[in-house]
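**Student:** Sequence:
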Amino acid sequence: MSAKDKFHDAVKVALQKDGWVITDDPLRIRISSTTKLYIDLGAEKIIAAERDEQKIAVEVKSFLGASAMAEFHTAIGQYINYRYALADFGYEQTLYLAVTSVIYNEFFVQPFVDKVVQRSQVNLLIFDDKKEEVIGWQS
Numbered sequence: 001m002s003a004k005d006k007f008h009d010a011v012k013v014a015l016q017k018d019g020w021v022i023t024d025d026p027l028r029i030r031i032s033s034t035t036k037l038y039i040d041l042g043a044e045k046i047i048a049a050e051r052d053e054q055k056i057a058v059e060v061k062s063f064l065g066a067s068a069m070a071e072f073h074t075a076i077g078q079y080i081n082y083r084y085a086l087a088d089f090g091y092e093q094t095l096y097l098a099v100t101s102v103i104y105n106e107f108f109v110q111p112f113v114d115k116v117v118q119r120s121q122v123n124l125l126i127f128d129d130k131k132e133e134v135i136g137w138q139s
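Going by my numbering, the residue at position 32 of the sequence shown is 32; the numbering climbs one at a time, nothing skipped.
Please note that a few of the clues may not be correct.
In silico lysine to aspartate or glutamate, EDC-like type, Cα no more than 20 angstroms apart, as pairs [unchecked claim]:
1) Lys17 to Glu53
2) Lys130 to Asp9
3) Lys6 to Asp128
Listed next, with one range per pair, are the computed distances between beta-carbon atoms [what the hints assert, rightly or not]:
4) Met69 to Thr34: 30 to 38 angstroms
5) Lys6 to Ser33: 21 to 29 angstroms
6) Ile135 to Pro111: 26 to 34 angstroms
FYI, nobody ran anything at the bench for these hints, they're computed from the structure. The beta carbon of each residue, even a glycine, is placed where N, CA and C say it ideally should be.
Go ahead and model the full structure; you've got the sequences and the hints to work with.
**Tutor:** Below you can see the structure in the form of structure tokens.
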């Protein structure tokens, strides 16, 4: 199992422990009668879940590459496209970007990165990949 698969599964378990029901794995968005946006990037998939009346979609990112900043650029671009697609095609889910607590504490707390996250209106799900638990939500 690759680390990306591990993180995907860890987020699923963490969400389930937090009381969420996984409804779609992955979540596919129909853009037209002939075109679908597959928010399904190998092991980095969108997960749809719901709890009570809340519905969320979660993009899992590993940040295991050589450049965290390059992966951040990709993650922000994907996140924005996914958020627009969810809104434009009538999906009710609120989108979250899931990152490990280690990546959050080492990378996402940097002032520039934090400002980009805020300006881009990125919701974060911070999880512990070892304990498979949700650490926090940042909207």
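**Student:** Hint by hint, note whether the structure agrees.
**Tutor:** Verification of the supplied hints:
1. With a C-alpha separation of about 17 angstroms, the suggested pair Lys17 and Glu53 falls inside the 20 angstroms cut-off, and the hint holds.
2. Using a Cα cut-off of 20 angstroms, the hinted pair Lys130 and Asp9 holds, with the two alpha carbons roughly 11 angstroms apart.
3. Between the alpha carbons of Lys6 and Asp128 the distance comes to roughly 12 angstroms, so the proposed pair stays at or under 20 angstroms and holds.
4. The hint said 30 to 38 angstroms for the Cβ distance between Met69 and Thr34, and at roughly 36 angstroms that hint holds.
5. In this structure, Lys6 and Ser33 break the distance hint of 21 to 29 angstroms, their C-beta atoms being roughly 37 angstroms apart.
6. Ile135 and Pro111 have their C-beta atoms about 21 angstroms apart, which leaves the hinted 26 to 34 angstroms range violated.
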